[in-house]
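Participant: Residue-level listing of the chains:
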Amino acid sequence: MSLEKPYTDVPGTTIFDADMSRQGYHLNQFCMSLMKAENRARFKANERAYLDEWPMSEEQKQAVLARDLNRCIELGGNIYFLAKIGATDGKSFQQMAGSMSGMSEEQYRDMMAGGGRSVEGNRYIGEKK
Amino acid sequence: MARISASVYTSHVPAIGAALDLGKSAEPYWQAVFKGYDFSKQWLKDQKPDVIFLVYNDHANAFSLDVIPTFAIGTAPEFTPADEGWGPRPVPKVIGHPKLAAHIAQSVIQDDFDLTIVNKMDVDHGLTVPLSLMCGQPQAWPCPVIPFAVNVVQYPAPSGRRCYMLGKAIRKAIETYDEPLNVQIWGTGGMSHQLQGPRAGLINKEFDNAFLDRLISDPEGLSRMPHIDYVREAGSEGIELVMWLIARGAMNDVNGGKQTSLRHRFYHVPASNTAVGHLILENN
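Just so you know, the protein sequences line up as chains A and B, in that order. Note that numbering that gives the first Met the number 0 gives residue 89 to position 90 of the first sequence, counting from 1, and the numbers run on in steps of one. Note that numbering that gives the first Met the number 0 gives residue 33 to position 34 of the second sequence, counting from 1, and the numbers run on in steps of one.
There's no promise every hint is true.
Stated by the list, open to error - Straight-line alpha carbon distances no greater than 25 Å define the calculated DMTMM-like cross-link-like pairs of lysine to aspartate or glutamate that follow: (1) A:4 x B:228; (2) B:204 x A:105; (3) A:90 x B:82; (4) B:23 x A:109.
Unchecked claim - Chain A regions said to be covered by chain B (calculated; three or more residues, Cβ under 8 Å): (5) 2-9; (6) 25-37; (7) 86-98; (8) 104-113.
To be verified - Only part of the chain A face toward chain B is listed, based on derived beta-carbon distances under 10 Å: (9) 12; (10) 65; (11) 69; (12) 78; (13) 81; (14) 101; (15) 122.
No wet-lab data here; the hints were simulated from the structure. No experiment lies behind these values; they were computed from the predicted model shown. Ideal placement from N, C-alpha and C gives every residue a C-beta, glycine not left out.
Using the sequences plus the hints, can you model the full thing?
Facilitator: Listed below in structure tokens is the structure:
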């Protein structure tokens, strides 16, 4: 019998469960390595070479190189780990979160200042807004 | 004997720490957050706790994916602020209370909660931002702190019910400790927020305020709220709120004692991506 996953119908949301964690293990551990200043420097000097030291999939490497955080998450990345890439790039958490929403940095910041994204129409996939 | 005198609940948004550390706290955007803690700072000075038992979560700093403990108690003499990628926060070292922490670990494990015991770990913004909010920018934190880390990064986090019952076991442990210590228990994280995917930026004021209401008056019922309600209503990272139930479960009124008193309540949107909530409950 398979496990119940009631969270798969929440729009625009990937829950980092044990399955995702298994797929993203090396991607996330690569991110962890960026907590050390010398690793950040080596990564910045040659991103591709640094990524090639990790047994990540080619898709995962491409997603990191493109800084496509939504794709990273789809491939098992977790936002708290991916934040280390943002830190390496000098980006704030708000800039990273905004980049996944398809909005410009300014639009996202204004949305948050205005009270954030409403839950209305955002509870279920396919729900009418 | 030691006793729990009060519980404190607060969000632990990293940008709040950054605002303080970078000298931005006087900006109107951040003043709107910090003013909610003016009362709390004075209250904490007056209360003079001997130990703070601080429930928080690590955000991929002390724990990578190599080891993922559901409940981890810090039993070390001291804990260093973590370098989360932006450099460590310029805040004091956190002094632990190894003796009380070891006592709690022994008691709670024998009460069927299988804690992981951690003798070496750095503490991230999840722990230091609540201290900053409640203490400002002191040279040293006002008392020893026992870090208690809960996994809310990899799903599933422990259930609200499990957290609430754990709070009761922690209370029992503290009350059987021989020294007459004034202990506070803090539950941190939340409130509604989502940091990932196209739904990033989700905030739900109605949910948050109902959560605050129920945490005060119906914690038993609230503890039965399933995970999916947190995810759907409060965002994927809003699930951090289960940690507040640990602190709430340790209070007198839900353990056959007198009513607790609500001393302070504050709610504000936004701090960066997150809704900020804050409560102080005192035992009588």
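Participant: Determine for every hint whether it applies to the structure shown.
Facilitator: A quick look at each hint next to the structure:
1. A:4 x B:228: holds (13 Å)
2. B:204 x A:105: Holds, at about 22 Å.
3. A:90 x B:82: holds (15 Å)
4. B:23 x A:109: Holds: residue 23 of chain B and residue 109 of chain A sit about 19 Å apart, inside 25 Å.
5. 2-9: That given contact holds, which follows from 3 residues of the region 2-9 of chain A lying within Cβ reach (below 8 Å) of chain B.
6. 25-37: holds (count 6)
7. 86-98: holds (count 8)
8. 104-113: Coverage by chain B holds here, the residue count being 4 at a Cβ distance below 8 Å.
9. 12: holds (5 Å)
10. 65: violated (16 Å)
11. 69: holds (6 Å)
12. 78: holds (4 Å)
13. 81: holds (8 Å)
14. 101: Nearest chain B Cβ about 6 Å off; hint holds.
15. 122: holds (5 Å)
Consistency with the previously given hints fails for number 10 only.
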